[in-house]
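Each chain is listed here by its residues.
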Amino acid sequence: MILNSTVENPAILSNVGQVGEFRIRNSAKAFNILSSGLYANKIRAIIRELSCNAVDSHVAAGTTDTPFEVHLPNQLEPYFAVRDFGTGLNHEQVTNIYTTYFESTKTTSNEFIGALGLGSKSPFSYTDNFTVTAIQGGVKRIYSAFINEEGVPSIALMDTAGTAERNGVEVKFSVNDQWDYSKFRDEARSVFTYFRNRPAITGMNNFQFNDVEYVERDIIPGVHQARSRRSMAVMGNIAYPVEVPNAESNLGDLARLLNCGLEMHFDIGELDFQASREGLSYIPSTIDSIRTKLVALNAKLADHVVERANAKTNLWERAIYLAGIASNDLWSAAVRKYAADTDFVFADPTNRYGFLKSIQVAEEDLRTQYNLVIRAFSTRQGYANKTKNIKADGLYFDDQYKQGWAFMPSNNVVFVKNDTKTGAANRAKFHYGQIKQEHRVYVLEAWDRKRPALFDQFLAAIHNPPSAVFASSLSQQERERANMNKVGVLRLNYNDSYDARRRSRTVSWDRDHGTVFTATDTYYYLPLSNFEAECRMDVEQLKTSLMKSGLDDVSKITIYGVRKSHFKEVSENPNWVNVEQFLEQRMAKISDADLEQMALNLVDGHEVFSYTRDNKDKLNPNSPMRQLIERVAKKTAIKDFDPVSLERLLNKYGRPTKIEQFVTSIQKECDSVLNRYPLLKSMNSYRVDRDAVTQYINLIDNNQ
Amino acid sequence: MSYPYIIQGKNIVVVIDNQPHTISSTHIAYERVKAAIRSNDWDTVKDIIDPKKVVLNYGAGHVSIQGETLYWKERELHNTLSVRMIRMYQEGFPIEPMVAFMENLMQNPSKRAVDELYGFLEKGNLPITPDGHFLAYKKVRRDYKDIHSGTMDNSVGQTVEMDRNQVDDNKDQTCSSGLHFCSLGYLDHFGGSESRVMVLKINPRDVVSIPSDYNDAKGRACRYEVIDEIGGEPEEAFVAPVQETQANGVDAEVIRVAVEAAVKAALAAHGVTNSQ
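Residue numbers (the working numbering), protein chains in the order written: chain A, 1 to 704; chain B, 705 to 980.
So that you can see chain A by itself, here it is in the shape it has in the complex:
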């Protein structure tokens, strides 16, 4: 790489005394600073510097088709090495290059990455000792570069021999610590990311190069957008982070482009860099090169913006498009350039934080010029049926403070032209309230209803917003049947964790949130008067009686409490039923046979049945025992059945009955059957020989 070393401003001396030139002391400290102190990330620096030398050597030899080799350290081969197949070096070159700092053979051409004469010494930043094997013209020379006892780098020729190996150089050193193996791997991945000709990696079976993920390649030639925010400048295989100091003042609007993960490729020599090559040196020419690239990029982006924006003939749509991309760092400068070039009516060049400007109309002008008055409201994202009225603002019109409206282009803005006689605002609120999306709605109505409202003239004056509709096209709220969802009903809740000490009630009336009442399901209610249910029973007793009634359809009833003020709505809804009326009808339907069947639940459990149940088929079909068992077996098990609860409901709601009489009757039957087999009564153990019991029953049956 050609370095610019001409002195810009040569000193003209006149009448000065003795002139002394500055010198650098040839000391361990100086060497240490140049080979080690230079680099923040030493492993990365060594990989980068040695690999760049390899690339340069391949360029010089014309062997760029052949990859150079990089050996990464591992447990069995704990060394790092870079071997190139370039020109190789003779003895003089080796001693010159390696012993002379700032000695470089590459400052005459921009084909080479190197120029400073420091990179070849970079291994000293990690180790005291590395080998250089130089092969040229059939001669192989092995050198050891090391730090001598005075701390000064030295090089020793260790061996010379003839060889058939290809020309080239290998630099090799041992890695100090096994924990560094993975560091060399990771840094190699990072360094080789931007190498055009990647090396052949040995020493690590599964090494994978790091590939940049791009959003877009070649936006302009040599500028890509990567999926990261940080921008990089790539020059001669090396990527430098672009961190222009005072970017806003140096680059203006273009500075925001640097937040877009740009990868900008520069030719060797276009940028100046730090001696460590860990960053750029931001001298004016470097900043100029970056600016030139960004200007070219922005021009391309601007062309794109012009094309897309002009395709939108409606200015509101154009404004919405531009505002959408103006917040993106990549497009921001191009959009502002477009707005400035076209003097775009909705753009606000003075606003650093936003792009758009509103169009303002005074209420007074609306009335006088267009015979219009505006009523406005907004709806909120995610909230149905919620609207908020918007009033006109106090605004300045030519330095005069007036009430007026400011219209800002947005996809959410809607203009409603009232072509109905009444109710346009309510209709619009209903219509847009149903849509769970944010809207800002301006309803335009005639100010003087005797004269025509000039809707179209007004809309043209504000550049024809695309969303303008007639009120008559909006959906209208239908008059509904009384909607129980809007009536505040209470729900009678049964409290499982009843606690006598706290005197909490087992049941309570609670506000019912969240239940959506339908027009088809049946709901059961009790009228409430001062939060007390009007009921023949205490509600607590009613609720528990229902739950333990043993009747499936009754036990699960949810009771709602409806206050007097809502009786009207309830009476309009046939699917809302008074619990007490329902119970009267339900109780009347219960037959004696039903009750007898239910009573069976209360006698089962007698041990005798369990002795014989499994063996009942072995009994005589006419056996009274068998008949009784079969009858009991037919019963369906009822959960949570409390006969007292059922009896209470029957008695209160028009069917006075004593369940006990059914139980007694069955009990008598059981007793009479058991009396027939007297020995069974004396059995009370669960370990019973069932076959013996069966035999006994059969014996008695057959003998009678």
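All the given hints hold, so there is nothing to weed out.
DSS-like, lysine-lysine: derived pairs with alpha carbons at most 30 Å apart:
| id | chain 1 | residue 1 | chain 2 | residue 2 |
| --- | --- | --- | --- | --- |
| 1 | B | K827 | A | K183 |
| 2 | A | K29 | B | K714 |
| 3 | A | K634 | A | K616 |
| 4 | B | K738 | A | K183 |
| 5 | A | K634 | A | K681 |
| 6 | A | K388 | A | K357 |
Because the hints were derived from the structure by calculation, they are not lab data.
Starting from the structure of chain A, add chain B where the hints point.
Leaving out everything else, chain B in the frame of chain A:
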């Protein structure tokens, strides 16, 4: 014949047969190379300067190398065991314990148990024995009965076993049936201070699972032998990658002598007689 070399700090550069070798303490035979160079024993240097050659020689036909991966009889050697083997070489132990260990390990019927055991050995850094078993810890009650049930005798000399299919082989069942053992990291988690720490000798064949809690620090086996009780600090119990028994207190000297003898034997095998 002598070869050019530079020894500088931990770095050694030597050119042998027109090839440069640059090594430092990361080289597996670093100390031996250094000693051999100093004593001008170039035959040994040539033998051990290439780490791959060293490993192949040490592996005695059991080990092969492809790229940088070690293979034990055509099966890739888990990194834990290759590190263990290299450490054994560096400390002068013969390969036989490793051979025995691998043969025992291959008899384990469960691939999952084998894979999990690598993690346990790596985290626990527990030694193997000359007959190819490994050593681990177990906490027991004062009366040497197991802490969980108080029924199994774990005094020195006992062999405790149960049917393999009675041991829970699900590593996600972290507390379940089986004969438990652990590495140092788990000792503090279980049992009280009123307990004893025993040294177990376990055949890798008998390992059933390594539960996933406690960072691979405990395991379940179907058989183990109790070989010692730790008198001092458990951290100091094991000093070498291969060990007969624990080493704090009385056994330290015995171990030191054994290690020295093994080092000498190994060096003699490489033709080094006047080392150290």
